[in-house]
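S.K.: As a plain string of letters, each chain reads:
Protein chains: 2
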Amino acid sequence: MVEIAVMGYGTVGSGVVEVLDKHADSIAGRAKEQIRVKYILDLRDFPGSPYERSFTKSFDAILNDPDVHIVVEVMGGLHPAFDYVKKCLENGKSVVTSNKELVAAKGAELLELAQKNNLNFLFEASVGGGIPIIRPISQCLAANDVVEIAGILNGTTNFILTKMIREKTTFDDTLALAQKLGYAERNPAADVEGMDACRKICILASLAYGKHVYPEQVHTEGISQIRLEDVEYADVWGGVIKLIGQVKMMDSGKIQVIVCPMFLSRDSQLANVDDVFNGILVRGDSTGDVVFYGKGAGKFPTASAVVADVIDCVKHFKARKYLYWDEGSPDYVEDYLENHVAMYVRAVTEDETLAFKNIENQLGAVDRLTRKGSKPGEIAFVTKKSPEKEIRKALEALSGLGVQIQNTIRIGEV
Amino acid sequence: MVEIAVMGYGTVGSGVVEVLDKHADSIAGRAKEQIRVKYILDLRDFPGSPYERSFTKSFDAILNDPDVHIVVEVMGGLHPAFDYVKKCLENGKSVVTSNKELVAAKGAELLELAQKNNLNFLFEASVGGGIPIIRPISQCLAANDVVEIAGILNGTTNFILTKMIREKTTFDDTLALAQKLGYAERNPAADVEGMDACRKICILASLAYGKHVYPEQVHTEGISQIRLEDVEYADVWGGVIKLIGQVKMMDSGKIQVIVCPMFLSRDSQLANVDDVFNGILVRGDSTGDVVFYGKGAGKFPTASAVVADVIDCVKHFKARKYLYWDEGSPDYVEDYLENHVAMYVRAVTEDETLAFKNIENQLGAVDRLTRKGSKPGEIAFVTKKSPEKEIRKALEALSGLGVQIQNTIRIGEV
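Chains as they are written, first to last, in the UniProt record's numbering: chain A, 1 to 414; chain V, 1 to 414.
Honestly, the hints are just simulated from the structure, not real lab data.
One should not assume that every hint holds.
[What the hints assert, rightly or not] If you want the ones that stay clear, here's a sample from chain A, every Cβ over 10 Å from chain V, calculated: (1) 139; (2) 289; (3) 361.
[To be verified] Stretches of chain V that chain A covers, calculated by requiring three or more beta carbons in the stretch to come under 8 Å of a beta carbon on chain A: (4) 55 to 65; (5) 293 to 299; (6) 373 to 381.
In this text, a Cβ means the ideal position worked out from N, Cα and C, and glycines have one as well.
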């Protein structure tokens with residue numbers, strides 16, 4: 001019998017307790033031990049819950065109970081989760097978490113602490129919900145150099161973009177719908193502004209290349225600036241707009257990493273990942289492209305990933321799982337303005353002919369895009385691939401030449 | 001230092017040796033041991049090979065060397081592979097194989113032998129090449145009941161079907177092209193007649209439901225009967241033809257399992273898996289649908305999966321990996337004629353009006369399909385969902401009523 005504690009009884013936490021209960025026999029069979037939830041930590045009361053006797057409001061009760069060997073942290077947020085997890089690892093308890101904010105900010109530190117104390121710190125559920133991704137990347141790493149990872153990592157924004165593309169509803173209307181359906185939170189900023197995707201690409205990048213990438217090192221743009229005009233120009237261009245998190249290793253030993261909306265060609269393996277689904281492409285030098293696809297969030301998908309980690313912990317009490325990366329460094333991430341990229345640009349002008357003369361003067365030849373029902377003076381084009389800083393400089397110059405830039409979206413190569 | 005032997009120096013075997021060599025440092029880092037290929041078993045000579053000193057023609061040299069703890073079997077075929085693998089497991093050596101024929105025929109027996117001797121028998125590379133699939137299914141099992149698995153499991157046939165759909169070339173011409181490009185073997189029967197896909201769905205079904213499914217228990221149809229007419233009717237119907245291996249658990253405790261071409265709706269998550277790619281959908285009761293996509297074959301994808309298993313073996317010398325299923329039984333697989341299915345039917349008749357009167361008499365209402373350029377007397381329709389044996393009986397009766405059946409293809413629900 002292994003006794004565990006679950007910290008946080010929200011959506012994921014209650015799912016974990018339920019999955020452990022419902023699948024108790026098969027879990028015991030695979031873990032070769034019964035697993036019992038001794039404590040559930042939550043500040044709220046849950047009168048009438050079948051698990052009522054397990055609830056506690058005291059973290060110390062968990063920390064000081066020598067019978068608890070594994071602690072599941074599904075509270076979310078950085079504080080007090082970080083403090084609690086750290087104390088658990090310092091006190092001989094392995095930790096399983098679904099908390100991407102925690103892993104993205106403190107992964108290297110917690111992995112080191114776990115290693116020092118010969119404990120496990122596992123976080124399969126932090127990226128891709130129920131899609132197995134941390135483990136496959138970790139396992140395929142040994143026989144592969146990871147060339148690149150690119151993914152649709154946030155279901156809420158993918159739902160919004162899919163609706164905008166299919167039903168031509170505006171961003172604001174679609175966000176309101178997503179909130180009504182429970183796909184977006186009342187404060188949707190973490191999803192919509194790309195922070196959630198940023199944390200996930202940080203975790204994948206850290207794992208793939210063995211060195212921590214911190215969220216503040218990643219240039220991150222969300223989808224709140226996307227207009228229906230952009231969706232239509234993407235269609236004309238031959239693709240769709242997706243919010244992509246992407247990381248590549250450069251020859252210099254630095255990495256390129258970014259989170260932003262991109263135009264993806266319809267041929268892209270990620271172009272058909274729609275609605276609340278996530279899709280993650282891992283390009284290895286031996287395996288080639290492998291894509292993982294599924295629901296990236298939700299109570300039971302996420303809970304089942306947490307439970308799989310718990311079982312792994314039980315099976316590996318003596319043999320630690322190999323998950324590790326080093327602390328990061330300030331110069332590890334290439335300035336995104338140095339990246340070579342082609343750019344979609346939408347602008348308004350009073351004199352189209354003159355505008356394109358000036359545009360080609362500044363940027364060289366561009367591919368013009370036209371759409372039905374465009375507004376007077378509206379123009380759109382795609383630049384050649386160049387260092388982004390040069391494109392930005394040219395666009396700035398153009399605003400002094402009667403070309404008012406409305407939006408820019410990078411052309412993805414995925 | 002761990003010493004291993006590689007049996008078979010064909011495409012996969014030479015890839016394994018090369019990957020172990022090229023990624024030696026990262027492999028040693030992850031396995032926490034150097035891995036050295038002490039023997040390569042092959043009856044041929046490879047003069048000038050950088051690994052020349054490792055070659056042997058004697059299986060006994062490997063079997064009797066107490067320093068060899070892990071044997072990689074990548075010879076393919078059932079004999080002598082089965083005999084060799086069995087002897088290795090009886091003599092204290094863990095085995096890693098990519099041999100789907102071996103695992104599909106003898107998996108339960110070899111897994112039991114491995115368990116008895118506290119050894120590993122691993123076969124990630126036997127399904128999906130470089131796509132991680134055995135391990136994720138095995139790990140997601142604990143917290144999930146697997147509702148269904150369906151997959152495009154054979155790259156050669158998928159390449160042929162994709163070409164037929166896109167370029168309207170006939171089966172025979174496309175097969176010849178696939179052979180020319182090296183995607184199909186000179187004797188293409190195992191691929192084209194569905195045997196390869198059958199072995200793979202047997203392995204996945206055995207793993208998912210814990211009981212061996214043998215290839216001879218699985219109704220298997222290949223793609224050699226597919227005509228361009230069928231491809232066009234699938235398009236009219238709103239989908240594509242794919243060779244699908246599928247398994248589902250029934251309430252009765254029996255499984256439904258089949259390998260055959262199916263009409264898949266364009267909305268299916270497998271409809272866009274094209275060319276030589278494989279796609280495998282795993283539906284869990286907690287995770288929902290998870291899809292794995294990538295190249296299902298090829299030297300380096302397969303080799304990297306083999307090497308990942310070797311590393312796992314090294315890390316788990318003392319703690320066995322949990323892979324296991326029981327021997328099967330003759331009554332475990334439902335007769336495919338009992339399955340409820342909708343069926344596409346193409347036929348010829350001399351009197352269309354009378355034919356459809358007879359068809360609806362026999363089968364109830366059907367959905368008629370028409371295509372441009374159809375031949376005189378050619379008809380096609382899709383039946384309602386019914387037990388397959390009733391459909392077959394009705395079709396037989398129709399052939400006595402002036403309706404000559406040319407082809408039938410099941411409508412997939414994936």
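S.K.: All the hints need checking, so say for each whether the structure fits it.
M.R.: Consistency of the hints with the structure:
1. 139: violated (5 Å)
2. 289: The claim is violated: residue 289 (chain A) sits with its nearest Cβ about 6 Å from chain V, within 10 Å.
3. 361: holds (42 Å)
4. 55 to 65: Coverage by chain A is violated for the region 55 to 65 of chain V (0 residues, Cβ < 8 Å).
5. 293 to 299: Our answer is that it holds, as 4 residues pass the Cβ test (under 8 Å) against chain A, meeting three.
6. 373 to 381: violated (count 0)
The structure is inconsistent with the numbered hints 1, 2, 4, 6, although it conforms to all the rest.
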